[in-house]
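Undergrad: Residue strings, one per chain:
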Amino acid sequence: MTTQFPVTNEGADGTAGPAPFDPSKPLLEIRDLEISFTTGVGEVQAVRGADLTVYPGQSVAIVGESGSGKSTTAAAIIDLLPGTGKVTGGSIRFEGRDLVTASRAEKEALRGRAIGLVPQDPMSNLNPVWRIGTQVEEALKANGFKGSKAALRERVAEVLAEAGLPDATRRARQYPHEFSGGMRQRALIGIGLASRPQLLIADEPTSALDVTVQRQILDHLEDMTRDLGTALLFITHDLGLAAERAEHLLVMFKGKVVESGPAREILADPQHPYTQRLVASAPSLASRRIQTAHVHGEASAELHAHHVGEAPVAAGPATVVEAKNLTKVFQIRGPRPGSSADFTAVDDVSFTLGRGRTLAIVGESGSGKSTAANMVLGLLDPTSGSVEFDGVDVAALNPKEAFAFRRRVQPVFQNPYGSLDPMFSIFRSIEEPLKLHGVGSPKEREARVRELLDMVSLPQSAMRRFPNELSGGQRQRIAIARALALKPEVVVLDEVVSALDVLVQAQILELLDDLQTELGLSYLFITHDLAVVRQIADDVVVMQSGKVVEQASTDEVFDTPREQYTRDLLAAIPGARLEGDALAG
Amino acid sequence: MLWYLGRRLLQVIPVFLGATLLLYAMVFLRPGDPVAALGGERGLPEAVQEQIRAEYNLDKPFIVQYLLFLRGVVTLDFGVDFRGREITEVIANAFPVTIQLALMALAIEAIFGVGFGLFAGMRKGGIFDGSALVVSLFFIAVPTFVVGFVMQIVVGVRLGWLPVAVGRDPDFISLLMPAMVLAAVSFAYVLRLTRTSVAENLSADYVRTARARGLRRSQVTGRHVLRNSLIPVVTFLGADIGALMSGAIITEGIFNINGVGGTLYDAIIRGESVTVVSLTTVLVLVYIGANLLVDLLYAALDPRIRYA
Amino acid sequence: MPENRYENPGGPVTPSPRPGQERYVAPVDEGGLGAVDAVKADDAPTSLWRDAWLQMRSRWLFWVSAVIIVLVVLVAAFPGLFTSLDPRVCNLAQALEPPQAGHPFGFDRQGCDIYTRTIYGARASVVVGVLATTMVVVLGTAIGAIAGYYGKWFDTILSRITDIFFAIPLVLAAIVIMSVTTNRTSFTVAFVLALFGWTQIARITRGTVLSVKNNEFVTAARSLGMGRGQILWRHVLPNSAAPIIVYATVALGQFIVAEATLSFLGIGLPPSTVSWGGDISAAQGAIRTAPEILLYPAGGLALTVLGFMMMGDVVRDALDPKARKR
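Quick mapping for you: the protein sequence lines, in order, are chains A, B and C. Going by UniProt numbering, the first sequence opens with residue 1, and the numbers climb by one from there. Going by UniProt numbering, the second sequence opens with residue 1, and the numbers climb by one from there. Going by UniProt numbering, the third sequence opens with residue 1, and the numbers climb by one from there.
Please keep in mind that the hints were generated in silico from the structure rather than gathered at the bench. Careful, some of the hints might be misleading.
[Said to hold, decoys possible] With a cut-off of at most 16 Å between alpha-carbon atoms, the simulated EDC-like pairs for lysine to aspartate or glutamate come out as follows:
no. : chain 1 : residue 1 : chain 2 : residue 2
1   : A       : Lys254    : A       : Glu65
2   : B       : Lys124    : C       : Glu22
3   : A       : Lys324    : A       : Glu364
4   : A       : Lys487    : A       : Glu451
5   : A       : Lys25     : C       : Glu22
6   : A       : Lys547    : A       : Glu364
[Claimed, not checked] A few chain B residues that don't get close to chain A, going by computed Cβ distances all over 12 Å:
no. : residue
7   : Pro61
8   : Arg83
9   : Gln100
These numbers were taken from a predicted model, which means no experiment stands behind them. Where a beta carbon is used, it is the ideal one built from N, C-alpha and C, also for glycine.
Bound-form chain A, shown alone:
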């Protein structure tokens, strides 16, 4: 049996890296790269004059928001630009050869063998109709694997095992849909590194995964590339993540490289205004409560004296919402037709939300945090337990009271594209709650809509627009304005900033904090992201598999976490390592 690949990680003991090249010469050199797309309105430049150098075995990160051109740059290296995109200028040199002018066959030969790719979304990047093993096999065979069928099978299992998939032989026979997101991403990493490329491009490899899984996968990726001596080009929107994982850093904005240099230097001393803003707003780095004129519970009542017209209920008991032993059991379809099984999504969860305060419920997917939020919103009936609002059980309300209750608690959701009816103009969207609850005359309602737009810092002219004409951040502002239309006391914020770019995220968090101060709102903040929690929340409930793991003030949770799971979550915050080192140093 002969394979031309190392059977084990020979690099692990530092004896034989697969580096037959000169480590002092750049592996990848991009100069003045220009990329444009042809659209209905003409040519659109996606990348303008980008320079990038990667040395063998080095890790380099490109950081930028969506639309910055970071993924486009990466795609150009392996000639996989989507749609009408094409390189219009500059050069991409790999080991001295220009890839822009190379033939199709040359580029095909490089892909997989010399340059590997780990794509962004593990859900869509494996072909659902082929077994995982088959897709690994393809990669091996396309890149020159010569050997018997048995050798091939063995090698496939090795690739998967290296990528950290236990029981690899069995796993190879499974289909992608039988894998979790993290497992799929491991398989993709295995495929990307299967043929031992000199360069691995990882395009947001973990942004679709839960935070704790994210960390494991990134650690594994780092170990593997280090052991194999593979250079890593890391594309990410998260500055903290990039700084933590790469030695050299490029910051891209609107198609241009605005700043580049050693990662530590850029983080310590950002020069370009954009980088400065990015460093200041990255939630993974700026882990402090937003410092506006934030005041806690008792004090907020006083503050409302100035806003009597605004603040819905100026005074009242210190606790607005109290969830008591909330439990929600769903009936799910069992393995056999007709059979059913009980699934406890929320298991005996209790928490209290103080008036004028922010309570964050933190958990990964499947933790039951959104189910709990829906019960507070009155959208789901608890199987047992109760939600009390100012001491009154919400479930006991008669229909009329229940309708009136809706005015006191309103939600804002995660997806800025799904939370506004695309058929409704912005005016209709914000006016709808007022109309439904019979508030004011048409004239008064219009005045209120204008006032609300002011509140969320959008021009009043926006009310004639439709959601598809606005950006994600703007839509989220509209969704907040709609939630505030009925002057609620409590706003349930369900992952409101998760889908937004870093800078927009920071703006929205600031806006929420201002509004809280101004209107005396109480927030129930649902999120998977502990980094954001520190910026906005006063108290934290950590949930896992439907149960409360830990419950304390934000400072306590961050400074002295009691449970291992909380510690894992904290450790998984990108940049946490940096901060720890910084504090230690």
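Go by the hints and put chains B and C onto chain A.
TA: For chains B and C alone, coordinates are given in the frame of chain A:
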């Protein structure tokens, strides 16, 4: 897998019962009397009519008639028609040629539809794509019987390439033109479906990732683009078996083929309600069977729903 | 600049930068940062419908099909504008005479003016097509929306009923039923076609409603206390309209073909009604001697169906959610 198959089979039963009941009711629960209309203008003597009614259970309550009919379906004994022929035999005589015709049409639409569709989808927006779309629209817009006549005139009469009509004993060559006519509309749909599906899959993430793995373009096209695009196409083709057989009524009329369509049309003209319902029931069975086959094909082609 | 806590951070340690990796800061591009999130203030607001319209009107295919549809509808509504003759006044002595002045298409086997009959034949097709499509859209949308939106046993029952009707091929069912129908008018033909033609639209609507109702704007409406019916009517149905409209345009063409097929078989519209299907059937007898008389009604039929089918294509492209900008 077995559970899936079993569940689908169970679901088919109420659908079959419902569909046959519906058809039966449509034919027998209408104003007017099928037997009274039998003897033409003058009608049959009252005594003969009574006898026929008794023989065909038409004097019993509707639901009893239906249940007796159902028993006939299950035992494959549809009784005799008004002319005294065994209906089961009539069906057995009519089906082979129609099945042959439908399978030939299926092959034609599959080969040409998928072929052209793949080509058009790979270069969406190109000249070939544009012309393929126009041609497909044309085939959808022009009714089958017009296509049939035009083919007869042009290919059969003017060019003399293929026989114009089919005789008693149809062979492959004489069935070729009818099969082409029968396939015309479905061909257009297969082409369009393949084209859309291919174009969609071309921009799928996993196709890009497959290219990033170093696969050659032909490998990517065959193993990823085409393989995944075929899922909706194959299911369409499966369902089309049933549609083609019932659609054959027009084509068989034009080309004078004595298949299911011809027999059914004959029975309709003669007012042989029992024959009509029996033939239609078999066609509905074929149609339901084809749709069941589609579900199984789907499960075979797409591992995601295999155990759903 | 805000306080920076990373003046001495940890992380991977690099030696001094290598060639090509020196520290670089781009010159500050004025205006670049501020202009990130502006709301356009100039042009008219673009609703999705307006957006679709703007996209459609830029395509020649739209204008071609629009012209065909308008023309066909005009002909169907006011045939007298296009010919002064009566389609039912025929002179056997003129049977199969070739085209001549005032009779551009010549005469058919009964000696009727083919041009006039082709003009008058439009009405039957358009009436049946529009009637059947209207019925199908109302019935199919209602059933699909209720099944998809209310779910539970509504869905179970309605979906099984849909399955039953789906199990009977449209043309087959129409042939069987029309053959035993004595009172054959445009309405009965349309009714029979609609009775077995609504399943597709019900399935499409159900699927769309199922996906639309999971949108967060629906949850937002629920937490406002809006009733289920109100949400269905105000939010879910308008957002499910696009695929229904696309399908309806295509279905219109298919119903016209189905009507012609039935009339061709002699069990559609009665001979007293001028229809393209009937005329094609009548021309069939002379197919070897005078094939061209068949082509005029067939041409009218094909052009009409083509018009609606092309429009369906254009509308689909314009309303396709995948093509929409996000």
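Undergrad: Give a verdict on every hint.
TA: So, going through the hints one by one against the coordinates:
{"no.": "1", "hint": "A:Lys254 <-> A:Glu65", "in the structure": "holds (9 Å)"}
{"no.": "2", "hint": "B:Lys124 <-> C:Glu22", "in the structure": "violated (45 Å)"}
{"no.": "3", "hint": "A:Lys324 <-> A:Glu364", "in the structure": "violated (22 Å)"}
{"no.": "4", "hint": "A:Lys487 <-> A:Glu451", "in the structure": "holds (12 Å)"}
{"no.": "5", "hint": "A:Lys25 <-> C:Glu22", "in the structure": "holds (15 Å)"}
{"no.": "6", "hint": "A:Lys547 <-> A:Glu364", "in the structure": "holds (12 Å)"}
{"no.": "7", "hint": "Pro61", "in the structure": "holds (35 Å)"}
{"no.": "8", "hint": "Arg83", "in the structure": "holds (47 Å)"}
{"no.": "9", "hint": "Gln100", "in the structure": "holds (32 Å)"}
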